[in-house]
Each structure stands twice: as C-alpha cells, then as structure tokens.
Amino acid sequence: MSTTMGPDASTDASAAAPASRSPLGRVDWRRYIIYIGFVVVFVAFAVTLGDQGFLSTNNLLNIFRQAATISIIAVGVTFVISCAEIDLSVGSVAGLSSVCTAMAVSQWGVLAGVAAGLGVGLVVGSINGSLVSLLNIPSFLVTLGMLGIAVGVAQWITDSAPQPIRNDTYNLVFGGGNFGPVPGLLVWMGLFVAVGAVVLAKTRFGRQVLATGGNRVAAEFSGVRTRRIKFQVMLVSAVVASVAGMLYAGRLESGRFQWGSGDELSAIAAVILGGTSLFGGYGTVVGTLFGSLLISLINNGLILAGLDTSQQQVVRGAIIILAVALARRK
Amino acid sequence: MSQSEESVASRPEGRDAAVRMRRITKSFDGVRVLTDVDFEVLHGEVHALAGGNGAGKSTLMKILQGVYSLDAGEIEIDGRPVQLGSIQDARAAGIGMVFQEFSLVPTLTVAQNISLGVEPLSRGGLIRDREAVRRAREVFAEMEVEVDPRAKVGDLGTAYWQLTEIAKALSQDARVLIMDEPTASLAKHEADALFELVGRLTRRGISVIYISHRMDEVYRIADRITILRDGRRLLTEALADVTPAQIVEGIVGKEIEGQMSYQQRPARDGAAEPVLELQDVTAGPRVRGVSFSVGRGEIVGLAGLMGSGRTELARVLFGIDPLGSGSIRLRGQELRLSGPQDAMAAGIALIPEDRRAQGLVLEHSVRENLTLPLLGRMRRGPLLDDRKGRSLARDLIERFSIKVADPDRPVRRLSGGNQQKVVIAKWLGTEPAVLVMDEPTAGVDIGTKSEILATIRSLADEGMAVLVISSEYPELLAVSDRVVVLREGAVHRQLDRADIPDENHLQLAVQGA
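If you read the protein sequences in the order shown, they are chains A and B. Under my numbering, think of the first position of the first sequence as 6, with each following residue one higher. Under my numbering, think of the first position of the second sequence as 24, with each following residue one higher.
Among the clues, some could well be false.
What the hints assert, rightly or not - In silico EDC-like cross-links for lysine to aspartate or glutamate, where the CA-CA straight-line distance does not exceed 16 angstroms: (1) A:207 x B:240; (2) B:211 x B:253; (3) B:85 x B:240; (4) B:426 x B:365; (5) B:85 x B:112; (6) B:85 x A:56; (7) A:207 x B:154; (8) B:411 x B:386; (9) B:175 x B:203; (10) B:211 x B:196; (11) A:207 x B:418; (12) B:211 x B:526.
Claimed, not checked - Stretch by stretch, here's where chain B covers chain A in the computed footprint (C-beta under 8 angstroms, at least three residues): (13) 212 to 221; (14) 266 to 277; (15) 282 to 293; (16) 304 to 317.
Stated by the list, open to error - Chain B regions said to be covered by chain A (calculated; three or more residues, Cβ under 8 angstroms): (17) 102 to 114; (18) 127 to 135.
Quick caveat, the hints were computed from the structure, so don't treat them as lab data. Just so it is clear, CB atoms sit at the ideal spot from N, CA and C, and this is done for glycine as well.
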C-alpha cells in the first residue's frame, strides 16, 4: 500500500476510532439499553412480585398478549420514524378499521370484513402519504388531522354504538383463539415483527427508508426516490394499523371507535424506547418489539404491585423518560 | 476564431474528450445564467473550473449531473451525444460527483452508503451485506487507501467521508469525477493524500473536474483551467501558460492582487494599549495555558494545525466553553464569562467557523439575521420596534455592501460570500471592542475574500482589536500585524509580521520544524 490516509490521520481521535475499535471494546451500549432495561425491570419484578404470581405462565402470556396490538402498530411506526416522519393517526385508524370490519363481517361475511379493514388502511395511508410526499405537508400535521377524521368517521357511521361480531371463524382467526397451544395474537405479533425486521434490515426498500431518514438529499442523489419512499412508509403504517384494528375486533368480538384510542402514543414510546432514532436514519424492529414488551411489563408489574391507574400512569411516564434519557446519544 | 476552435487549440495532442459540452445556455426565470459555454475534459485530465460566485460554475456542473436541464447546447460523453434528464442518467453515463457539502447518510455504514440504491441482492430479494462489504473493500484497495467498510459514516472524520464518496462514484463506474472544493474541510496531510489519489485515478484514465478557490491546489494538480465569468467562458488554458495573477484577474475581472498582499498599516503600540489579554488560559483537553494579548487597532493572526486548540480557544473567549483556569482581561478588567451573552455584553464578538450551522438562521430573512444580536436596541417597551430594525439592517447592508435586492429575502438564497458578509455585519452591529473571526473566508471566492480582508483592515483602523483564526497562510499574512502560533494547546511562537519573509516560513513555524 503506497499511501494510506489511515496511519496519517491517527492523530485525529475521532477518525481513528473506528479502525481501532475492537468488537467488544467499544460496544455502543446505548443502542442496547432497551434489552438491558427489559432484563433489569423483569428481574426486579420477579424478585419483588414473585409471590403475587408474576412468574406464572399465565401472567407472562398476559404480558405478551397485552403487548401484541401495540407492537404490531409499532412495527409500522418504526418505518415511519426511521424515515424521519411521524404518524399520529395509527390509533384512530385501528378504531375505524375495527368498526368497518365488524359492519362488513355481519353484513357480508369474513372475506368482506377483511377487505373492509384493509381498505381503511389503504385509503387512509394513501391520503396521508399523498399529502406528505406530494404536497410536502409535515406528517405531524397531516396525521394529527387524520387522527380526528378517522375517529369522527368511525363514530359517525356507527352512531357511536358498538358493532358486535358474531362470526366465530373471524373471532377465532383474528386474535380471539389459539393456534395450537399458542395464542393467536402472539402468532400475529411474531409474524409482523419477523417480516418487519427483515424488510427494514435486509431489503432495498428498508435501506432506502433509512437513507431517506438519515439524509434525504444524499438519498435523492443516490437515486432513491424519496417522495415515493415517504408515501410508502405512510401507507405501510396505516395498513399495519388497520390490521391491528381487525385484531382488536376479533379479540373483543366487536368493533368500536374507541379501540386503539391513545395507541399512537404507546406505539411511538415503544419505537423510541426500542432504540429507533427520533430523527430518522436508524431503526430496529426487534428493539421496537422489546419496547412494547417493556411497556406492557411495567403495566403488568404495577398492577400486581397494587398501584391504581393514576399512579401507574405517573410511574410509567417516569420510566419512559428515564429510558429515553439513557438511550440518548451524547 | 470561434470559442470551440480556441479550446481545441489549447488541448494536448492525442487524447480524446471524456466530456464535451458545447454552447450550453441556461436561464432561470428569464435570467440568463449561462451563455454559449464550451467546456471539455479529456480522458485522464484534471481540469480546473474557476469563477467567482454567480459565474455559473455550479449551474454548469448541475447540468452535467442531470440536476438541471439545458435550454440550448449539447453534451457528448466519449464522443456520443447524450441527454442527461436525471441524476440517474448522468450516473449511468459515468458522471460521478464528490459533493462540497457531503452527501452521505451518516447513520449508515461506509459499505451501505457505497452500495445505496445498487445493493447486491440474493435470489430472495434480500440485501447481501457481506457482498457489499467485499465490493467496498475492493474499491478501496484499487484506490490504495484504508477505510473500514463496516464503520458507521457518522463516526468517521471528514477525510473518510470524502474517500467514501469517491469510492461510491468509482464503484458505479464513474469515468468523470466532479470535485467541488474537496479540500475545504481537510487537514494538510489529508489534502496531500487526496492529491495523490487524484494522481492515481487520472493515470487509470479517469477524468477529474476540479472546482477550487485555492490557487496553489489548482497549480499543483490541474492540467488545464477554464474560467467562467458572468455566465460566459472567459478562457481555457494549460496551467503552464497562465500566471496566478491572470487567473485571479480573470475571475474577479479587476486587479485585486494588492488586497491579498500585506499592507503596512500605521504603526500600532499594541503592547502599550492592550485590549484583550489572555493569561495562562486553560480549558478542556485542547487549550493548555495560552497567554498573549491583542492591542487596540491591532490584527493578530492565530495559526496552528487542526487540533492545535485554535477553535476551542475561540469558544472559550466567547463564553461557549467554560474557562478552566487562567484569566481573560478586557481593557484591564477580568472577565467572568458564563455564556455568549456575557461575552457580547463585555464587547467580544465571535464570527464562527461554520457560518451556515452556527452563524445564520438560514430560513430567516437577511434583516432578521442582521438584527438578531441587536434585539435589545430595538425594544420599545416590551415590544420590538420593527421600523428601527429595518433601518439598522439597511445601514449594515450598505456598510458591508451585501448584495441583496430585498432585506426580507431568506439568507439561504444569498451566495456564500454574501452570507459570510451577513454574519460579519450581524456581529459588527453590536460595535464590539474585540472581534474574533474563525476562518473568515472559508468557501468564498477570491473577490469576496479580498473584500472581507479589506473590511478586517478598516475595522482595525477604526480601533477594534481583531483576532483572525485561519488555516490559510496567505490570508493570515495578508492581514495580520502579528501571528501567534498555537501548538498542542499552547503558544508555540509569536512572530511580528515584519519577521515573516514568506509563506514557507510561517508554515514551518506552524508545523514546528
């Protein structure tokens, strides 16, 4: 090697660091804070709440079950946030989807119900995506507006009345039943997390989402159609949220406009806890899964500890702020 | 003789053109920015492209990159006419760009950036990251440089960013590389390594279009130079046939040589009337016991290599970083700076190095930027008096001859040189006693540079104490009455301007020989 900039530049600490970084010497532990946090909280609860049945199979399954819908929504939101956008409408999209699915199932059957639910996601996602990518309206504002619109429509078309689903097949498949020994909700959760993780980390689409979020101009100059990517992440997020709505409908055997209400905040918290950068450019679906599980774990532990709802909210909020503060770089 | 024949005349024998642009014409909103420009680059040639701000350099290059369409004219690549309708078209035709403001995704790794958009895929459609790393290694091996393809770009220094950009272009079979101010953020040894790399690339037949304001670099690596002025081609010459004075004159259209050479100013008894005195100033790991003073009406240059503590010292003086030990005195009074507000109140102004990030709110108007440090003086009761702000802004625009049609236009729209003038004007509006300037002319063309240097001189003539931090020796030599050389966070030497015969002398002092 005739010339290298490596040895020359070794006086510059920041430039030389990556070369001298050993695999374990300088692990960026902040990136793994969610796993550390999960284990710490789990052990703490296991020790203090072991007597109250925290470690029973049923309770542990409950933690997963409660995390399921949030984590599915959060998988979609991970793509949005990795792309340096935000989606506040996911919770109300889930509610609208549950309502439309329930109405279609009772009228025309299971397939129509599924089509109606997915249709909600496709329509809302296309509107969000078009406004963000074509008209350059900030996604925060677009989806804030859509949050109200979706809930309003759901309330309007049902006269605020719950829409019962009496179709056992539907309820069984979409969250109410077990697949073999495993609760159906967990299978759905596993499916979305697995597909989401592979798509974000290993496909060209996922890479382009990260590039667009990390430096949009650079991505554009590298041949990435960033407008299309922004449209697609908004679409993905809404469709995934609509599936979550269908799972609410199946598990609770009804569609109601309140299902999913407030989920956008839990989902965003799960995504950020999981280590995805709020400023875009870095995202991890597996981290998001653990973020959702951690939130569910905390809820579960606080209930077992006998805290009432108001106290739970305070403690949960404090833990989330603490975790995000620890995960912050520099 | 027509322009295109003339350009053929200055071309070395026996080499074909990699790119030939003929009679390129382009207007924006009816304003002509390029008129009948001819430009060509031969295989394996380094062709410098020069011109002042607004001469049309970047428009011409953006046409070649497929960012802008052309109104009239034609482009040939390797002798074949091409239509460059998009960035993708230009890339497919073999045009690669190394950007001035780097265009990598900091959150991705080197290999991921290099393969962005052309990732190797497995049959199932998944990205083969290992293959991407292997290909990145191959390109770096060809370039004969060492870069870890798995390192995250955001963790690397700017020299590596540039190498990554070059590797990215080469990996996509670029035959022509456009380099826009590639050494702007490199230390000297890094720039040297870059020049050697350019040499290796051109020997393999790759052509380089080199845009730089730095004359010594152009002479060092370019074969020919084309100068644009006011959207027209002024000349294309082999560098052996033009003198630096001709080039400078060609760029600015008037003789300004004098501005870049030292002008003896009326003798100053700087020591007798010190305004700013530093005594054993220590802060953080980079500033370790700095002592010197700046007198009334004196310009002191601060020289030193990257990491010598120059910028860090400026931050301490402006109260951004806390003073560890030692003292800073202004007109004999010891300062306790707990933030920039204190420094401003005491009469110290800092013009930061990275003006876009630290000096300007780009989306705000020229007027708002100019009056930001002056809001205290624009108050009427609890409200701001906009009329007063307007007249303050007008005065400053006039005094610093900032070229702006309307003070309410966003600063973002101004050229780099005019943006720099806004930053300077903004701080001088506070009428400070001490002015600290960090790299005051980075990234501006030579015409603006000489105006800025003239401004510095006239401010000192009015009695201001000025501290100029710069890595450009000609600039330091042009304005400084005294040069303080920092090394490893401490004062290495202090030189009177009269004791510095030439640039080499200063350079040796800085590098500590």
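How the hints compare with the structure:
With a CA separation close to 43 angstroms, the supplied pair residue 207 of chain A and residue 240 of chain B exceeds the 16 angstroms bound. Taking the CA atoms of residue 211 of chain B and residue 253 of chain B, the gap is about 32 angstroms. The hint is violated against a cut of 16 angstroms. Distance hint between residue 85 of chain B and residue 240 of chain B is unfulfilled; the C-alpha atoms sit about 23 angstroms from each other, more than 16 angstroms. About 32 angstroms separates the Cα atoms of residue 426 of chain B and residue 365 of chain B, which puts this hinted pair outside 16 angstroms; it is violated.
Between the alpha carbons of residue 85 of chain B and residue 112 of chain B the distance comes to roughly 13 angstroms, so the proposed pair stays at or under 16 angstroms and holds. Proposed proximity of residue 85 of chain B and residue 56 of chain A is contradicted: the alpha carbons are some 70 angstroms apart, above 16 angstroms. This hinted pair checks out: residue 207 of chain A and residue 154 of chain B have alpha carbons roughly 13 angstroms apart, not beyond 16 angstroms. Restraint check: the Cα-Cα separation between residue 411 of chain B and residue 386 of chain B comes to about 22 angstroms, which exceeds 16 angstroms; the hinted pair is violated.
Using a Cα cut-off of 16 angstroms, the hinted pair residue 175 of chain B and residue 203 of chain B is violated, with the two alpha carbons roughly 24 angstroms apart. Restraint check: the Cα-Cα separation between residue 211 of chain B and residue 196 of chain B comes to about 29 angstroms, which exceeds 16 angstroms; the hinted pair is violated. For the hint pairing residue 207 of chain A with residue 418 of chain B, the CA-to-CA distance comes to about 58 angstroms; that exceeds 16 angstroms, so the pair is violated. A threshold of 16 angstroms between alpha carbons decides the hint, and for residue 211 of chain B with residue 526 of chain B the separation of about 14 angstroms falls inside it, so the pair holds.
Counting residues of the segment 212 to 221 of chain A whose beta carbon lies closer than 8 angstroms to any beta carbon of chain B gives 7, which meets the minimum of three for the stated coverage. Residue count for the segment 266 to 277 of chain A with a Cβ under 8 angstroms from a Cβ of chain B: 0. That is fewer than the three needed, and the coverage hint is violated. A stretch counts as covered by a chain when three or more of its residues have a beta carbon under 8 angstroms from one of that chain; for the segment 282 to 293 of chain A and chain B the count is 4, and the coverage holds. Coverage of a stretch by a chain is defined here by at least three residues with a beta carbon nearer than 8 angstroms to that chain's beta carbons; for the segment 304 to 317 of chain A and chain B the count is 0, and the condition is violated.
For the segment 102 to 114 of chain B, the assignment as covered by chain A holds, since 3 residues bring a beta-carbon within under 8 angstroms of that chain's beta-carbons and 3 suffice. With 6 residues having a Cβ less than 8 angstroms from any Cβ of chain A, the segment 127 to 135 of chain B passes the three-residue criterion, so the hint holds.
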